[in-house]
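**Q** Order-wise, the sequence lines are chains A and D.
Position one of the first sequence corresponds to residue 1 (this note's numbering), numbered consecutively onward.
Position one of the second sequence corresponds to residue 1 (this note's numbering), numbered consecutively onward.
Hint data in this document are derived by calculation from the structure and do not stem from the laboratory.
Quick caveat, the model's predicted, so the values are computed rather than measured.
Heads up, some of the hints might be wrong.
Simulated crosslink set (DSS-like; lysine-lysine; CA at most 27 angstroms straight-line) [to be verified]:
no. : chain 1 : residue 1 : chain 2 : residue 2
1   : A       : LYS46     : D       : LYS191
2   : D       : LYS200    : D       : LYS116
3   : D       : LYS103    : A       : LYS209
4   : D       : LYS103    : D       : LYS116
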Amino acid sequence: MQTFGWPEAYFILRSAGWTLALTAIAFFIGSILGGAFAIMRLSRVKLLRQFAAGYILVVQSIPVLMVLFMSYYGLSAVGIELPPFFAASASLSIYVSAYLAEIWRGSIESVPRQQWEASASLALTTPQQYRYIILPQAIRISLPPTVGFLVQLVKNTSIVQVVGFVDLMRAGMLVNNATYQAFQIFTLVGAIYFAICFPLSRLSRHLEKVMNASRSH
Amino acid sequence: MILNGVMLTIALSFIAIGLGLVLATLMTALRSLAGSWAGYLVDAYVELMRNTPFLVQLFMIFFGLPQIGIRMNGLEASILAMTLNLAAYATEIIRAGVDSIHKSQIEAGMALAMTKRQVLQYVILQPAFARVWPALSSQFVLMMLASSICSFVSVQELSGTAAIIEQDTFRSFETYIVVTVIYLVLALSLKLFLNWLGRKLFPQVSGLARITEAHGEAA
Chain A
1 MQTFGWPEAY
11 FILRSAGWTL
21 ALTAIAFFIG
31 SILGGAFAIM
41 RLSRVKLLRQ
51 FAAGYILVVQ
61 SIPVLMVLFM
71 SYYGLSAVGI
81 ELPPFFAASA
91 SLSIYVSAYL
101 AEIWRGSIES
111 VPRQQWEASA
121 SLALTTPQQY
131 RYIILPQAIR
141 ISLPPTVGFL
151 VQLVKNTSIV
161 QVVGFVDLMR
171 AGMLVNNATY
181 QAFQIFTLVG
191 AIYFAICFPL
201 SRLSRHLEKV
211 MNASRSH
Chain D
1 MILNGVMLTI
11 ALSFIAIGLG
21 LVLATLMTAL
31 RSLAGSWAGY
41 LVDAYVELMR
51 NTPFLVQLFM
61 IFFGLPQIGI
71 RMNGLEASIL
81 AMTLNLAAYA
91 TEIIRAGVDS
101 IHKSQIEAGM
111 ALAMTKRQVL
121 QYVILQPAFA
131 RVWPALSSQF
141 VLMMLASSIC
151 SFVSVQELSG
161 TAAIIEQDTF
171 RSFETYIVVT
181 VIYLVLALSL
191 KLFLNWLGRK
201 LFPQVSGLAR
211 ITEAHGEAA
């Protein structure tokens, strides 16, 4: 039987790169979608508003695992074969979009009403209001919760191993199947996740403090 | 078969929520009452759980612990993992609630000759819980959804059942659509139930009403 040594540890460490890559892609695509849904959610058109609200409600009320199963096994049953990496990024992007949409909607709404009124009275169009007045303030407000959500995303990438994609979690499982030294292996895997997530959590908390301090002036 | 899966998902969630809440309240109390080392220990635990994936925690319990002689079946491991995970998040949330109770409230309670237990119950815990109930509710729903991950240690809850039906029938898309809709219904029902429970448990929390009520009982 193989034992857990440096080559295995190196293999696990290297797979953390795929976890980071997946996080980056899902965050990128998810934030574009999420931004669109946040703005739709605040739109004056009732249909857009309801559509975005429905989408967010549904995605937030089902497990990401189900989205993943559907995009990988489900779509292949109807003849659309997505490679694991593609299915994984797609389902995580959907997950990210719903949560970021809510976080960002909250941030946009917490910009004081008077800012909208003032910019409207300066004859700015809605896109101009968003671009020059509202978004610069909303982005500042949204920074701490967005970074905090990144932690959730990194952790949630661990489930994509079910579709056979070799990320950090899958690497740990593969080594475990070969060596049966689960305690050491999952301690290492957990430690790597912690090393990625803990600084982000700290950053989020720090940003929150900075924001509160600057607002109380 | 799906019905069994649904029941198991509900049972798992409620057991984890119940145990997790008790553990979290104890940890919050430990953090505020005992010496600083206990506080650091709780903090370290919370940070550790919040910054590692639930799946790693589950595997650590299911595959890792047997190596040091603690053996559990999938169901026990799932309950333990869910409880420990939820407790960490709930501790963080409850702490925010307790921190939001102003010191003068406690002094006022003491000035009204309330006992320490009464102050803890009516001035600190009830208003704190009432304030953070919405945050706790969302965390409970997230935990219910995360219970789907327990299918990885072959627990036959809703997702586990779905996987088996899919293997037997090869009708992936239909199976997953049905199961997803069931999750949706479960999540929305849980949300409604928790809102109702919150209104029942904390009716119109004007803290003042509660305190005078408590004082009346004492007199």
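**Q** Decide, hint by hint, whether the structure agrees.
**A** Evaluation of the provided hints:
no.: 1; hint: A:LYS46 x D:LYS191; in the structure: holds, 25 angstroms
no.: 2; hint: D:LYS200 x D:LYS116; in the structure: holds, 25 angstroms
no.: 3; hint: D:LYS103 x A:LYS209; in the structure: holds, 21 angstroms
no.: 4; hint: D:LYS103 x D:LYS116; in the structure: holds, 14 angstroms
Consistency with the previously given hints is maintained throughout, with no hint failing.
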